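Going down the list, the protein sequences come from chains Y and B. So for the first sequence, the numbering used here puts the first residue at 55; every next one is plus one. So for the second sequence, the numbering used here puts the first residue at 13; every next one is plus one.
No lab work stands behind these hints: they were computed from the structure. These figures come from a predicted structure and were not determined experimentally. Among these hints, one or two may not hold up.
[Stated by the list, open to error] Here are the computed lysine to aspartate or glutamate pairs in the EDC-like style, where the Cα-Cα straight-line distance is at most 16 Å:
| hint | chain 1 | residue 1 | chain 2 | residue 2 |
| --- | --- | --- | --- | --- |
| 1 | Y | K340 | B | D23 |
| 2 | Y | K333 | B | D23 |
| 3 | Y | K333 | B | D26 |
| 4 | Y | K248 | Y | E260 |
| 5 | Y | K248 | Y | E318 |
| 6 | Y | K205 | Y | D222 |
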Amino acid sequence: MPGRGNRYSFACLHAWALMAPYQLTDFVSEIDSRYKVAEPETFWLCEQPMQRLLAEGLISRWINEQLRQLASDHQHLGDWSATEAVLHRGNGWLLSVAIFDSPRRFIHALPFSAFYAPFAELTGERYRLPAGFRNDVFDPGLRLEPAGTVKVDPNGLLRLETDQYAYDFQITQAIPVLRLVSASLRPLEWLFSKTTLQAWQANDAELSSTQLRVAAYVLGKIAHQSSIGALLELASHPHHAVRWAAIQNLGRLSRTEALAKIREAMNDVHPHLRRAAQKTLNQLDKRTQR
Amino acid sequence: MSNDETIDTLDIADLEQDIGGMCAVEPAETRISAEGYWVVMVAPPK
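Build out the structure end to end from the sequences listed, making use of the hints.
Following this line, the structure appears as structure tokens:
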């Protein structure tokens with residue numbers, strides 16, 4: 055006859071078996087309770103919920119449900135693009151299934167943290183970001199250092215530690231990959247040459263940064279005095295290229311306001327702004343001396 | 013102040029490193045032209 059402890063264990067097991075299967079709402083609650091956007095390192099606390107999500111077949115159930123809804127309603131519109139299906143957009147994170155269908159031309163140093171769980175084996179090269187790497191200061195003189203290979207089995211989980219490494223995956227056939235990604239943690243996404251490993255280009259990590267630079271340019275072209283206040287505000291934006299776009303286009307509206315901002319930029323935290331401000335003031339000095 | 017007033021403009025230097033916009037696709041070709049400008053060719057959609 056089993057003892058009391060065994061009966062208790064059995065009861066627990068029985069209760070667990072009767073519980074509803076792990077749902078997307080359960081996963082969302084777990085991530086929201088673990089990941090605090092203001093503390094980026096808490097993203098790695100999401101590994102356990104990701105493991106559970108994989109172990110309990112939540113993705114298969116979600117895909118089946120999407121297909122059932124499509125079959126019953128042809129107008130059903132999910133949150134999908136040609137290469138990505140979004141399961142959930144959370145506060146500062148996103149869960150999706152993306153198709154990796156072709157190798158990328160460059161090695162990307164990603165601006166967000168991520169877990170990747172491929173549906174088939176995923177292999178690739180890992181590179182260490184160069185010494186002295188500062189995400190917001192693009193420097194084409196920097197070069198990646200090889201740091202070994204990565205290999206993830208189907209349903210395995212890869213931590214993309216993008217604050218230290220860039221990854222180049224070998225894609226010979228389309229592979230669906232479950233991705234849990236944070237929102238951008240850094241302002242730029244760097245691209246490195248695959249042949250020389252040299253830094254090649256940096257792009258905005260956030261669409262809003264690009265849009266604000268374009269907006270500053272348009273305000274400069276329209277050149278109406280009512281835009282001065284907006285450009286002055288943009289001149290304090292956290293993204294250095296937005297700040298400089300605002301100052302440059304302020305120069306089309308008000309010489310006095312622009313000069314004041316250029317003098318302030320001499321003490322900007324970003325070295326490219328300090329140097330561009332110095333260059334502008336030098337050019338002005340040369341003209342006044344003529 | 014109205015826009016009809018004469019505006020005294022100021023030419024301001026560019027940043028030494030241009031930053032690309034956020035785009036959904038990789039540039040098909042990126043190079044520096046003979047004149048020293050960045051040329052970014054974006055691949056047409058498949």
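Tested hints:
Distance hint between K340 of chain Y and D23 of chain B is fulfilled; the C-alpha atoms sit about 13 Å from each other, no more than 16 Å. Distance check on the hinted pair: K333 of chain Y and D23 of chain B sit about 11 Å apart at the alpha-carbon level, within 16 Å; holds. The suggested pairing of K333 of chain Y with D26 of chain B holds, with an alpha-carbon distance near 9 Å, which does not exceed 16 Å. A distance of roughly 24 Å separates the Cα atoms of K248 of chain Y and E260 of chain Y; the hinted pair therefore is violated under the 16 Å criterion.
As the CA atoms of K248 of chain Y and E318 of chain Y are separated by approximately 39 Å, the hinted pair breaks the 16 Å bound. With a C-alpha separation of about 11 Å, the suggested pair K205 of chain Y and D222 of chain Y falls inside the 16 Å cut-off, and the hint holds.
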